[in-house]
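Here's the letter readout for the chains.
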Amino acid sequence: MAGHGLPHGPAYEPTTAFGRWMDARLPIGRMMYAQFIDFPTPRNLNYWWTFGGILTFFLVAQIVTGVVLAMHYQPSAAAAFDSVERIRRDVNFGWLIRNLHAVGASMFFLAAYIHIFRGLYYGSYKAPREVLWIIGVLIFVVMMATAFMGYSLPWGQMSFWGVTVITNLFSSLDSIWKGLGTTIVEWLWGGYSVSGVTLNRFFSLHYLLPFVIAGLVGLHLWALHVVGQNNPTGLEIKTPSDAVPMSPFAVSKDAVGMFAFMLLFCWFAFFLPDYLGHADNYIEANPLVTPPHIVPEWYFLPFYAILRAIPSKLFGVIAMFAAIGVLLFVPWLDTSRVRSTKYRPVYRWFFWLFVFSAVALGWLGSKPPDAEYVFWARVFTIYYFAHFLVVMPLVGWFETPLKVPGSITEAVLGKEHGDKKLAPAKS
Amino acid sequence: MATEAEEPDRRDFLVLAASAFVAVGGAMTLWPFIQQMNPDAGAQALAAIEVDLAPVKEGQAITVLWRGKPVFIRHRTPEEIAVAKAVPIKDLVDEYARNDALPEDALATDPNRTKDGHENWLIMVGICTHLGCIPKGQSLGDAKGDFGGWLCPCHGSHYDTAGRIRKGPAPRNLEVPVYSFLSGTKIKIG
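Protein chains in written order, with my numbering: chain A, -5 to 421; chain B, 165 to 354.
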């Protein structure tokens, strides 16, 4: 699939009789070899590129732990809260599996945000990787839907009121067409308020959507392997010396990144399993009492801050969804000729300002909606959108990029080596 | 890379060590995912029950639920006891007592199926040893089979008045659970 036409290791040769028999019928081994062993990988990938593998791991881990939890969880308003407590106390290793799943969701988002920022920094969305990027944004959206519904399942106070607040976002459509929003909200709820009926359908969808994500990840990888990986220089692979075979080079580097990230994951899962959640979720859902301060999970906070920053209900909702939707247009909003921010002296400052804004919005989202906080949330919301709609088109247009190396090899080994035609790195 | 077959080198050691690490780590990670399907603490907490036998008159039987299974408790008549005692071991399909309180090789004599001094009480798990149906014979109007005990309606296994298999496809006598008399009329099962 890779368009480089760069031969690397020895060609695939099945070693067993069964392998040859299979190869003539369903050459899955040949495909795996070409795509995941011998696949030409830029030789200069840094550790930010290990997050794709880490995300794949977390998708699988969430599905495995989730399937196990579904064996013990009861999706009804009467039994949900108690069944989660039973998982934590009674089920053999239930405490472990439940912690891995809950903390795993946070780690999944942490890795996804790092992956997204890496793509933004190195211009991984630019031609010919637009479709790859758009599929990534879609994965992000489905991930958020999955996480949101998953958070409703323990049926604590935050679950219940989080669902109430977020589903009520759609009621803002009443101001466009009378009754439209209410109709949608009641359809989502399956009643006139959030109830066990809502919980039941959210459980069903929470089980379904990860497989939708898995399908999208398949497309994401397919698109990636058609256009090849971007890299810190933003240059394409041009000669064999620009690339190394994926195994063992990229694979072992991925393993190092994975182990480092797993340490963080295990630290939270074993020592701080509830740190990333909210204490109010250990109070069973009560439709008559709203907690004094509703906060979503940390990974939704920036978008929550944007929602609250806008004084109009409808436009707040629109801004919140637009904050994600704008990502779809990034490939065309960035007018720079150079991919990697490494060679963009002006844009680099704006990039870090954007990172700061996103983190600041996250912090502000966790604060009560008081005047000062709302003021700063507005400032950073304005920059959030300005970054995409103003900075990206304009800076790309007026900025003079630094000198870009002639090739990946030259960037790694210097000019004189780059001139010689180096043999590909041997496996 | 391909050197001649020689002494194991550093690379061989690293591959071996890493593989061992992966195997042990993998097994340790896998274990909780297997163990989680075993009976949980809540199920284990229900493992023992107490039953009051006073209301059960001679000739009557009751069924109680223990660990989700029916337990047959029959207040046997002297005739039923006498019939059960008269059966020679060699006439039995399964010659072992299947009494969880006794060694596995205890023979299926009538005393081995009950408790000393309480031989009028026959207490067994009421699940046919063939394929898990619940035999008939607890209610007065039930068919009790050719041997006056129980008859499994699924595939026609006949049990006698000591709950021993006598005829039909079932391979073993009905299981006698561990139980004890707390007083003259009160037992604890489990």
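Keep in mind that the hints are not guaranteed to be accurate.
Stated by the list, open to error - Label pairs and their calculated CB-CB ranges: (1) A:Gly185 / B:His319: 36 to 44 Å; (2) B:Gln208 / A:Gly319: 23 to 31 Å; (3) B:Thr227 / A:His287: 53 to 61 Å; (4) B:His282 / A:Val54: 36 to 44 Å; (5) A:Pro281 / B:Phe197: 47 to 55 Å; (6) A:Ile170 / B:Ala187: 57 to 65 Å; (7) A:Trp89 / B:Ala250: 55 to 63 Å; (8) A:Pro399 / B:Leu194: 28 to 36 Å; (9) B:Ala182 / A:Trp181: 52 to 60 Å; (10) B:Asn284 / A:Ser189: 49 to 57 Å; (11) A:Pro339 / B:Leu180: 31 to 39 Å; (12) A:Glu366 / B:Trp195: 49 to 57 Å; (13) A:Pro339 / B:Phe177: 30 to 38 Å; (14) B:Leu210 / A:Ser169: 38 to 46 Å.
Stated by the list, open to error - Partner residues aside, some chain A positions facing chain B, computed with beta carbon under 8 Å: (15) Asp84; (16) Phe87; (17) Ala273.
The set of hints was computed from the structure by calculation and includes no laboratory data.
No experiment lies behind these values; they were computed from the predicted model shown.
Yeah, the Cβ is synthetic: ideal placement off N, Cα and C, and Gly gets one too.
### Message
Looking only at beta-carbon atoms, does the pair Ala182 of chain B, Trp181 of chain A fall within the given range of 52 to 60 Å?
### Response
Roughly 54 Å apart at Cβ, these two residues keep to the hinted range, so it holds.
### Query
Quick one: are Ile170 of chain A and Ala187 of chain B within 57 to 65 Å, going by C-beta?
holds, 60 Å
#### Entry: Range agreement (Cβ of Leu180 of chain B with Cβ of Pro339 of chain A, hint 31 to 39 Å)
violated, 50 Å
### Task
Take a look at whether the Cβ-Cβ distance between Pro281 of chain A and Phe197 of chain B falls inside 47 to 55 Å.
Cβ of Pro281 of chain A to Cβ of Phe197 of chain B: about 36 Å, so the range 47 to 55 Å is violated.
### Message
Would the hint on Ala273 of chain A be counted as holding, given a Cβ-Cβ threshold of 8 Å to chain B?
### Response
At about 25 Å, which exceeds the 8 Å cut-off, the nearest Cβ of chain B leaves the hint on Ala273 of chain A violated.
### Task
Could you check the hint for me, namely that Pro399 of chain A and Leu194 of chain B are 28 to 36 Å apart, CB to CB?
The hinted range 28 to 36 Å is violated for Pro399 of chain A and Leu194 of chain B, with Cβ atoms some 47 Å apart.
### Query
Lying within 55 to 63 Å: is that true of the beta-carbon distance Trp89 of chain A to Ala250 of chain B?
holds, 57 Å
#### Entry: Cβ distance range 30 to 38 Å for Pro339 of chain A and Phe177 of chain B, holds or violated
Because 48 Å falls outside the window, the suggested range is violated.
### Task
Starting from the hint 23 to 31 Å, judge whether the C-beta atoms of Gln208 of chain B and Gly319 of chain A obey it.
violated, 52 Å
### Message
Quick check: does the Cβ-Cβ distance between Thr227 of chain B and His287 of chain A fall within 53 to 61 Å?
### Response
With Cβ atoms ~54 Å apart, the hint holds.
### Query
Per the CB criterion, is Phe87 of chain A less than 8 Å away from chain B?
holds, 4 Å
### Message
I want to verify a distance hint. Is the separation of the beta carbons of Glu366 of chain A and Trp195 of chain B within 49 to 57 Å?
### Response
Since the Cβ atoms of Glu366 of chain A and Trp195 of chain B sit about 51 Å apart, the hinted range of 49 to 57 Å holds.
The structure is inconsistent with the numbered hints 1, 2, 4, 5, 8, 11, 13, 14, 17, although it conforms to all the rest.
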